[in-house]
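Novice: Here is how the chains run, residue by residue.
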Amino acid sequence: MNRRDFVQMAGLGAGALMLPTTLLGSPISVEAMLDPILDNAQKKALADVALNTAKSMGATYADARIGRYLNQFVFTREKTVQGVQNTESFGVGIRVIANGTWGFASTNDVTPDGIKKATGQAVAIAKANSKIQKEPVKLAPVQGYGEVSWKTPLTKDFKEVPIADKVDLLLKANNAAMENGANFVNSALFQVNEQKYFASTEGSYIDQDIHRLWPTIGVTCIDRQSGKFKSRQGLSAPVGMGFEYMDGLDSEKIAGAADLMLYKMSYDIVEDATLAAKQAKQMLTAKSVEPGKYSLVLEPNHLGLTIHESVGHPLELDRVLGYEANYAGTSFATLDKWKAGDFQYGSKLVNLVADKTQEGSLGAVGYDDEGVKCKKWDLVRDGVLVNYQAIRDQVHMIDQNESHGCCYSQSWNDVQFQRMPNVSLEPGKEKYSVQDMIKDVEKGIYIAGRGSYSIDQQRYNFQFGGTVFYEIKNGEIVGMLNDVAYQSNTQEFWNSCTKICDENDYRLFGSFFDGKGQPSQISAVSHGSSTSRFDDVNVINTGRTI
Amino acid sequence: MAIYTKDEAKQILERALGFSKADDCEINLTGSESGNIRYARNSVSTAGHRSNQTLVVQSNFGKKVGVATIDEFDDASLQKVVALSEELARLSPENPEFMPPLGPQRYLDSNTFSQSTADITPEYRTDVADKSITPAAAKDVTAAGFLNDSSSFSSMINSNGLFAYNQSTNANFTVTMRSNDGTGSGWVSRDVNDINKFDAAEASAVAIDKALQSRNAKAIEPGKYTVILEPAASSQLLGNMLFSFNARNADEGRSFMSKEGGGNKLGEKIVDERVQLWSDPQNPEVPVSTWNGAGQRLERTDWIKDGVVQNLAYGRYWADQKGVDPVPFPSNGIMAGGDASLEDLIKDTRRGVLVTRLWYIRTVDPQTLLYTGLTRDGTFFIENGRIKHPVKNFRFNESPIIMLNNLEALGQQVRINGNLIPYMKVRDFTFTSLSDAV
Chain A
311 MNRRDFVQMA
321 GLGAGALMLP
331 TTLLGSPISV
341 EAMLDPILDN
351 AQKKALADVA
361 LNTAKSMGAT
371 YADARIGRYL
381 NQFVFTREKT
391 VQGVQNTESF
401 GVGIRVIANG
411 TWGFASTNDV
421 TPDGIKKATG
431 QAVAIAKANS
441 KIQKEPVKLA
451 PVQGYGEVSW
461 KTPLTKDFKE
471 VPIADKVDLL
481 LKANNAAMEN
491 GANFVNSALF
501 QVNEQKYFAS
511 TEGSYIDQDI
521 HRLWPTIGVT
531 CIDRQSGKFK
541 SRQGLSAPVG
551 MGFEYMDGLD
561 SEKIAGAADL
571 MLYKMSYDIV
581 EDATLAAKQA
591 KQMLTAKSVE
601 PGKYSLVLEP
611 NHLGLTIHES
621 VGHPLELDRV
631 LGYEANYAGT
641 SFATLDKWKA
651 GDFQYGSKLV
661 NLVADKTQEG
671 SLGAVGYDDE
681 GVKCKKWDLV
691 RDGVLVNYQA
701 IRDQVHMIDQ
711 NESHGCCYSQ
721 SWNDVQFQRM
731 PNVSLEPGKE
741 KYSVQDMIKD
751 VEKGIYIAGR
761 GSYSIDQQRY
771 NFQFGGTVFY
781 EIKNGEIVGM
791 LNDVAYQSNT
801 QEFWNSCTKI
811 CDENDYRLFG
821 SFFDGKGQPS
831 QISAVSHGSS
841 TSRFDDVNVI
851 NTGRTI
Chain B
25 MAIYTKDEAK
35 QILERALGFS
45 KADDCEINLT
55 GSESGNIRYA
65 RNSVSTAGHR
75 SNQTLVVQSN
85 FGKKVGVATI
95 DEFDDASLQK
105 VVALSEELAR
115 LSPENPEFMP
125 PLGPQRYLDS
135 NTFSQSTADI
145 TPEYRTDVAD
155 KSITPAAAKD
165 VTAAGFLNDS
175 SSFSSMINSN
185 GLFAYNQSTN
195 ANFTVTMRSN
205 DGTGSGWVSR
215 DVNDINKFDA
225 AEASAVAIDK
235 ALQSRNAKAI
245 EPGKYTVILE
255 PAASSQLLGN
265 MLFSFNARNA
275 DEGRSFMSKE
285 GGGNKLGEKI
295 VDERVQLWSD
305 PQNPEVPVST
315 WNGAGQRLER
325 TDWIKDGVVQ
335 NLAYGRYWAD
345 QKGVDPVPFP
355 SNGIMAGGDA
365 SLEDLIKDTR
375 RGVLVTRLWY
385 IRTVDPQTLL
395 YTGLTRDGTF
405 FIENGRIKHP
415 VKNFRFNESP
425 IIMLNNLEAL
435 GQQVRINGNL
445 IPYMKVRDFT
455 FTSLSDAV
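Protein chains in written order, with this note's numbering: chain A, 311 to 856; chain B, 25 to 462.
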């Protein structure tokens with residue numbers, strides 16, 4: 311299942327029963343979610359069974375991930391609760407290197423016998439595949455950390471918040487939308503807790519407790535006479551936080567352009583639902599955009615997706631090398647461009663950083679899924695391409711000897727591979743607000759929120775829509791626009807970046823269900839930025855008559 | 025062994041149902057064995073095998089519903105999972121749209137299983153990879169491909185007397201071939217129920233040929249072009265359109281099927297009168313199960329006939345509200361074609377673009393079913409009945425409704441992703457920009 315299916319599901323609020331059980335696991339009662347199945351001593355003993363078995367069978371490296379993945383999804387529409395899903399998936403994945411080749415096997419039989427059997431399968435697969443392996447796997451060195459742990463910083467564990475409170479909050483938001491003119495409203499909560507225990511023959515035993523949350527709301531207004539309908543999606547961001555994100559603190563609100571309210575690390579879903587209904591109604595009569603060149607003022611909850619597609623994906627080293635050629639594609643950001651040391655990815659203002667440590671972000675963990683301590687590193691500095699995203703078996707291909715720590719697997723049942731860390735645009739250094747930025751624009755469009763997105767397989771040509779669009783004329787917002795999409799080329803676009811607001815406007819966008827690999831796996835990742843200006847961007851009109 | 029026979033499945037389901045104390049109980053039992061191989065850079069990168077079996081119990085007390093699953097089928101486990109579903113049902117809020125389980129159904133025969141596919145071995149998969157990699161390497165081309173095959177069964181029972189069983193096999197293969205100078209890319213997709221209908225060498229040769237033919241593409245101006253769409257290019261747009269044939273969304277006023285002033289477009293002509301679109305689980309080329317996971321009978325259903333909307337999908341709740349029979353969503357899509365081969369269609373084209381596939385397709389406007397995306401892996405300029413030269417890839421912005429109104433000609437049908445879709449020639453297809461991607 312790819313991200314689009316999930317987003318569609320979130321938007322429609324379709325029953326969670328349609329989700330694949332392999333991803334979700336089995337239903338579990340709320341009480342059972344709070345019960346830890348195994349303590350760390352038990353996990354260590356089981357992991358050692360895998361490591362010792364692998365070594366005795368001739369493996370030169372082994373890691374074991376004992377994972378318990380808990381999900382709680384709540385779906386509502388208008389006054390109805392469509393479904394509440396509590397699920398659990400528990401098992402162990404074992405990865406080995408034998409004869410210089412990777413092998414992987416997994417089992418939900420988390421007993422010494424079950425683990426021995428799966429380890430044997432992993433070693434057998436490695437040995438079988440080694441017959442057609444061209445070059446042996448080469449791992450970058452990593453420190454053995456001993457017994458360590460990491461937890462998502464939070465104050466409210468979603469598992470401890472009563473479902474009734476969550477349902478009440480969603481229905482209150484739905485009601486606010488309906489009272490303000492909505493014809494339909496769907497809302498949902500996606501809540502995830504990964505309890506992962508990682509052990510490897512490098513001498514690490516890492517226990518991590520990772521939480522993620524995504525509230526969604528979609529509001530639709532209809533004009534039956536004309537047969538037109540418009541939807542306004544919520545302006546929340548998925549986060550690596552506890553349920554405290556739903557507190558709606560005033561201190562985390564930012565008044566956006568026009569009548570928008572935007573949110574940092576705390577979300578007011580009832581207020582957003584109210585505004586969504588009002589704005590969806592306005593959209594029904596908004597002006598259709600005149601196609602042409604515009605200065606675009608892109609709000610972080612919109613710009614994050616553009617960063618994700620045009621920076622995050624093309625700088626994944628496995629794509630650059632061709633490992634994803636048959637599915638997601640390759641990359642325009644080829645090794646020769648990086649080696650040249652002067653490839654101007656963006657204008658001099660553009661600094662893009664990868665970061666697996668940023669608090670509140672979806673990608674934040676202490677250690678990645680091959681036991682590498684997480685860190686922050688530059689991808690683009692002063693506009694120039696300086697690095698990629700790479701893991702232990704890849705970094706030697708770019709002449710580096712330290713993994714970037716961005717290896718991830720969606721479950722115990724899937725093999726870990728390189729996944730995108732949080733990739734963010736640094737805020738501008740000079741004091742500059744969104745209001746200042748709009749004042750400086752003669753002919754432009756202010757775009758907030760995520761919308762339609764599409765980019766080619768080498769990440770050159772893209773087209774993005776948004777949630778809401780406002781026309782800027784001579785330094786002022788003059789009204790709402792419809793039918794807006796912009797098309798550009800990645801390098802041209804980032805080189806047209808002429809202003810970036812300061813850190814006061816910095817916020818995170820997130821992608822909760824990013825898809826990659828065959829068979830496809832999902833991961834969650836955040837992208838921070840401040841509102842930024844891009845000049846001379848081609849805007850098309852997407853209005854049609856059928 | 026994850027594949028149970030009809031009798032074995034029924035016996036497990038009946039034992040589980042025997043433990044039910046709820047108002048109604050419905051139980052699904054499914055299992056599959058699947059294997060895959062993935063290769064890139066002319067070398068195998070991963071290979072795997074998966075086996076799983078799951079029993080899902082849905083219990084309801086009135087309109088309060090609970091679901092639980094388990095993968096062990098001894099009496100104690102079955103009793104436990106039924107009890108858990110009942111406990112979750114008692115705790116859950118009422119779902120006003122819940123519909124009680126169906127009564128006994130009569131299903132059509134299905135032809136979805138092939139023993140040859142079920143017998144695929146790891147050696148067979150390695151051989152498939154080799155049949156891509158070896159000819160690719162010989163022509164200075166790099167292969168990246170994926171084969172996934174599966175053998176599975178589905179069965180269900182409920183407290184109203186319904187029982188259903190089906191066994192099926194599938195294999196899906198895709199390969200991307202890139203010329204080593206980085207200027208050409210080709211792709212092919214094949215999917216079958218019976219692996220005897222799959223030829224890895226033939227499929228790989230098609231992709232290699234496209235990679236070599238598409239080298240050094242020239243840029244031509246974006247704009248409106250007559251296009252010949254291979255079935256892989258049109259299938260997703262058509263699939264998205266069919267998925268949008270949802271009566272409830274249309275009646276609620278939030279679909280391209282909604283009518284000005286209210287109501288839906290059932291019975292209206294929406295596309296060219298040559299368009300015939302239906303689903304048929306018994307079609308021998310694209311067989312699917314003759315029942316769906318809710319136990320509903322699937323049979324041949326017309327969706328568009330002579331350009332006119334014949335049916336919209338009605339879920340059981342919405343059908344009940346509207347006083348009509350439920351119409352389940354289809355599991356396959358078949359569009360009528362003609363006798364013309366791809367070569368015939370090219371020969372009859374004065375000026376146009378041949379499109380191998382469209383990719384990264386996303387909704388732009390649900391009101392008009394407008395989609396955007398890009399051509400990929402083989403785009404060619406046609407002039408005076410011949411392929412003239414490869415062209416750079418385009419971004420398109422187009423609606424399948426507009427596309428099917430601009431139909432010029434239909435060619436032979438090809439199976440693609442479980443559907444049967446013809447080659448089609450369409451005028452005024454909208455390309456809005458160029459892409460440098462190869």
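Calculated directly from the structure, the hints in this document are not laboratory data. Predicted model, so just to flag it, every value in this text is computed and none were measured. Each residue gets a CB set at the ideal place from its N, CA and C atoms; glycine is no exception. Watch out, some of these pointers could steer you wrong.
Said to hold, decoys possible - When the alpha-carbon atoms are kept at most 27 Å apart in a straight line, the in silico BS3-like pairs for lysine-lysine are as follows:
| no. | chain 1 | residue 1 | chain 2 | residue 2 |
| --- | --- | --- | --- | --- |
| 1 | A | LYS441 | B | LYS163 |
| 2 | B | LYS283 | A | LYS588 |
| 3 | A | LYS753 | A | LYS783 |
| 4 | B | LYS242 | A | LYS444 |
| 5 | A | LYS603 | B | LYS45 |
| 6 | A | LYS389 | B | LYS346 |
| 7 | A | LYS591 | B | LYS283 |
| 8 | B | LYS104 | A | LYS444 |
| 9 | B | LYS104 | A | LYS469 |
| 10 | A | LYS482 | B | LYS88 |
Stated by the list, open to error - Only part of the chain A face toward chain B is listed, based on derived beta-carbon distances under 7 Å:
| no. | residue |
| --- | --- |
| 11 | THR421 |
| 12 | PRO422 |
| 13 | LYS444 |
Said to hold, decoys possible - Selected chain A positions facing chain B (Cβ under 10 Å, derived; list incomplete):
| no. | residue |
| --- | --- |
| 14 | LYS427 |
| 15 | GLY430 |
| 16 | LYS437 |
| 17 | TYR770 |
| 18 | GLN797 |
Novice: None of the hints should be skipped; say for each whether it holds.
Specialist: Now for the hints, and whether the structure bears them out:
Distance check on the hinted pair: A/LYS441 and B/LYS163 sit about 23 Å apart at the alpha-carbon level, within 27 Å; holds. Our distance criterion of 27 Å between C-alpha atoms is met by B/LYS283 and A/LYS588, whose separation comes to about 24 Å. At roughly 5 Å between alpha-carbon atoms, A/LYS753 and A/LYS783 fall within 27 Å of each other, so this suggested pair holds. Between the alpha carbons of B/LYS242 and A/LYS444 the distance comes to roughly 36 Å, so the proposed pair goes past 27 Å and is violated.
Proposed proximity of A/LYS603 and B/LYS45 is contradicted: the alpha carbons are some 67 Å apart, above 27 Å. A distance of roughly 20 Å separates the Cα atoms of A/LYS389 and B/LYS346; the hinted pair therefore holds under the 27 Å criterion. Taken as a hint, the A/LYS591 and B/LYS283 pair is honoured in the structure, with Cα atoms around 19 Å apart against an allowance of 27 Å. At roughly 50 Å between alpha-carbon atoms, B/LYS104 and A/LYS444 are farther apart than 27 Å, so this suggested pair is violated.
For the suggested pair B/LYS104 and A/LYS469, the alpha carbons sit about 23 Å apart, so the restraint of at most 27 Å is met. About 22 Å separates the Cα atoms of A/LYS482 and B/LYS88, which keeps this hinted pair within 27 Å; it holds. For the restraint placing A/THR421 at the interface with chain B, the shortest Cβ-Cβ distance is roughly 14 Å, beyond the 7 Å limit, so the hint is violated. Annotation: interface hint on A/PRO422 violated; nearest CB of chain B at approximately 19 Å, more than 7 Å.
Taken as an interface hint, A/LYS444 checks out: its beta carbon lies about 5 Å from the nearest beta carbon of chain B, inside 7 Å. Because the beta carbon of A/LYS427 sits about 13 Å from the nearest beta carbon in chain B, more than 10 Å, this interface hint is broken. The restraint placing A/GLY430 at the interface with chain B is violated, with a minimum CB-CB distance near 14 Å, outside the 10 Å limit. Hint status for A/LYS437 relative to chain B: violated, with the closest Cβ pair at about 12 Å, above 10 Å.
For A/TYR770, the shortest C-beta to C-beta distance to chain B is roughly 4 Å, which falls under 10 Å, so the interface hint holds. Because the smallest distance between the Cβ of A/GLN797 and any Cβ of chain B comes to about 5 Å, under 10 Å, the interface hint for this residue holds.
This entry does not satisfy hints 4, 5, 8, 11, 12, 14, 15 and 16, going by the numbered hints stated previously.
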